[in-house]
Amino acid sequence: MRLAHLWNQATCIGCGACIAACNAANYKSTDRPNPTWRGLQTNIKRIVFDRELKPHTLLVQCQHCENAPCVAVCPTGASYIDRDGLVKIKPELCIGCKYCMTACPYGMRWLDPVTGLPNKCMGEECQDRIKHGLQPVCVTVCPAGARAFGDLDDPNSEVNRRLRGARVIRLLEHKGTRPKYFVVVGR
Amino acid sequence: MTFQEVWDPWLIGPFLWFAGIAGMGSVAYTLMKLFKVEEKLKELALIAFASTVLGLLFVVADLSRPFNMPFAILSSLAQGIFLAKLAQSWMTVGITLLFLLLLFTLLLLLRHTVAGGLAKLTDARWFLVLLALIGLLVTIYSGFLISSAPGIPFWNTGLIPVLWVISASICAVAILKILVHSEAVAHLLTRTGLGLDVSELIALLAFVLTPLYSGPEAARESAWVLVFGGLAPAFWLGVVVIGALVPLVLGFLLLKKEDRRLGVAAALCGLLGALILRILVIHAGVFEVLHL
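Same order as they appear, the protein sequences are chains A and B. Each residue of the first sequence is one higher than the last, beginning at 0 in numbering that gives the first Met the number 0. Each residue of the second sequence is one higher than the last, beginning at 0 in numbering that gives the first Met the number 0.
If you are wondering where the hints come from, they were derived from the structure by calculation, not from laboratory data. We put the beta carbon where it would ideally sit given N, CA and C, even for glycine. Be aware that one or more of the hints could be misleading.
Non-contacting residues of chain A with respect to chain B, defined by C-beta distances greater than 12 Å in every case (computed) [stated by the list, open to error]: (1) M0; (2) P90; (3) Q126; (4) E157.
Interface residues of chain B toward chain A, partial, derived using beta-carbon atoms under 8 Å [to be verified]: (5) L62; (6) S74; (7) I151.
Simulated restraints on C-beta separations [to be verified]: (8) B/L102 <-> A/D49: 53 to 59 Å; (9) A/R177 <-> B/H180: 57 to 63 Å; (10) B/A60 <-> A/P154: 37 to 43 Å; (11) A/S28 <-> B/T112: 57 to 63 Å; (12) A/L171 <-> B/A60: 54 to 60 Å; (13) B/L252 <-> A/R169: 55 to 61 Å; (14) B/G229 <-> A/D30: 54 to 60 Å; (15) A/P90 <-> B/L56: 20 to 26 Å; (16) B/L291 <-> A/G38: 44 to 50 Å; (17) A/G38 <-> B/T112: 50 to 56 Å.
All chains should be modelled from the sequences, with the hints used to inform the complete structure.
Have a look at this one:
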C-alpha cells in the first residue's frame, strides 16, 4: 500500500478551509502560534510566490516520500514509514534533535511548542480517520474538490483516477526523495 | 530570505566547537604521548574531558525533548533500531562517538588526578590509538552531521567535514601553544599552525565562493549573506581576519623568533575564529525555496 495526496492547483480557490480543518481536527482549534511557520498550528503550509508578475499559491504538506530524508536521519527510529506508506512519528522514541526538520527539503515539519515534537501531516485525528476508512479532513472539507487521497497501488483509487491524463508536478523530484504529493497543474 | 531557526546557532555552534576541541585535543594527547612529550598532559586531558562535557551540554540544550532522551535511546537500543541506524544516521553515529569520547577522556582525567593506577590502561598504545581515532571521528562526524541535512542546500557540501577537521586542528594546536612552554615544541606548533591556517583560508574561500556562483538558489543566498550581506562583517572580521589572517601573520613573525605572548595571541585568535565560523555556518542556513 502506498497512500498519497493529490492537490489540484488549477481548481483550488485558496479558501484555506483545508488549513483551518487541519488545525481544528488535529490541534483542537488552538489559536496558539506555530513557532516554525508562524500563523496557525496546522500541517498545511501556504506559500505565495510570483511568476511572470502574477501571484501564485502553493499548498504544501508532508510529501510522504518513499525515500524520506527525515526517516533516514532520525537517530532513534522515531520517524518511520508505516506499512500504509505514510511517514509517521513514534513520540516515545523522539529526543527532539530536530534533524528531521533540517533534513526535510520541503521544510514540512514544525516544532510543537508544548510537546517538542516535530509535527507534520498526518496528525493523530487524520490517522484515526484513515484507520476507519475515512478521508483526511483536508480532503473532506475542500469545497472545490481540489484534493484527493488514496492508494497508488490501487488502480481504481481516486488519486490514480485523477492522475490519469493530468499534468502533474512532484516538488523537488531531483532530490531523489520520491515524494507522494502530486500537484495537478492542468490537463 | 529567512534563516533556518531549527538549530540554534548559539547552541549548535558552540557544540560543534567544543566537539572539535575535544576531538582534535584527544588526537593531540595521543601524539604527545607517542612522541614522549610529557609536558602539560594533565591539563590537556582536563580540557578534552571538559570540552566533551560542555559540548554535550550545549547540544542537549538545543533538544526539544531532552527529558525523553535517555528513555528514547535505551528503548531504541532495546528494539535493535539504534544499531541499525548506525549505518544510516550521522546523529546516531555521533551519539555513539560522543559517549565513547566521554568515557575515554574521563579515564584520562582520572589517570592524571585521582586514579594514577589507570596509567597502565591509558598509556597503552592501543588505548592511545583508539582515543585518537575516536577524537578524529568525532570531529569528522560533526561535519557530516551538518552536510547531510538535505533541507539546507548551503550545508550540502563535502567541504564542511574538511573545514571542520582543519579548523579543529587549529584549535588543538592553539591549546597546545597556550599550554606548552618548551621552545622546540612551540616552534613545531608554529609551523604546523601556519600550514593549517593556509589550508583553512583555501577551504573557506572554496566553501563560500562555490555556492555563491554555482549553487542552488538557497545556497547562493546563504553564501551571499556571508560574503556581502548582513553576516559579512562577522564573517570577514571574525573568521577570515581574526581566525585566519592574524594567526597567519603572527605565525610568520614567530617563525623568525618564538615569542610566548605573540604565540598565545595567535592561539586565542585561532580559537575565536573557529567558534565564529561554526556559529555563522549554522546561522546562514536557508531552507530550499519551493515553487512550481
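Results of checking the hints against the structure:
No beta-carbon of chain B comes within 12 Å of the beta-carbon of A/M0; the shortest separation is about 22 Å. Non-interface status of A/P90 relative to chain B is broken: a Cβ of that chain comes within 12 Å, the nearest being about 8 Å off. Consistency note on A/Q126: stated as away from chain B, and its beta-carbon is indeed over 12 Å from all of that chain's, at 20 Å minimum. With 12 Å as the threshold on Cβ separation, the claim that A/E157 sits away from chain B holds: the shortest Cβ distance comes to roughly 22 Å.
Because the smallest distance between the Cβ of B/L62 and any Cβ of chain A comes to about 4 Å, under 8 Å, the interface hint for this residue holds. With a least beta-carbon distance of about 6 Å to chain A, the hint placing B/S74 at the interface is held under the 8 Å criterion. Satisfaction of the interface hint for B/I151 is found here, the shortest Cβ-Cβ separation to chain A being roughly 6 Å, below the 8 Å cut-off. About 55 Å separates the C-beta atoms of B/L102 and A/D49, a value consistent with the hinted range of 53 to 59 Å.
Checked against the given bound of 57 to 63 Å, the beta carbons of A/R177 and B/H180, roughly 60 Å apart, stay inside it. With their beta carbons about 51 Å apart, B/A60 and A/P154 fall outside the hinted range of 37 to 43 Å. Taking 57 to 63 Å as the suggested C-beta distance range, the pair A/S28 and B/T112 conforms, at roughly 58 Å. A/L171 and B/A60 have their C-beta atoms about 32 Å apart, which leaves the hinted 54 to 60 Å range violated.
The hinted range of 55 to 61 Å is satisfied by B/L252 and A/R169, whose Cβ atoms lie roughly 58 Å apart. Hint check: B/G229 to A/D30, Cβ distance near 33 Å, so the stated range 54 to 60 Å is violated. Checking the proposed 20 to 26 Å range against A/P90 and B/L56 shows it holds: the Cβ atoms sit about 25 Å from each other. The hinted window of 44 to 50 Å between B/L291 and A/G38 is violated, with their beta carbons roughly 21 Å apart.
Checking the proposed 50 to 56 Å range against A/G38 and B/T112 shows it holds: the Cβ atoms sit about 54 Å from each other.
The structure fails hints 2, 10, 12, 14 and 16 (numbered hints given earlier, in ascending order).
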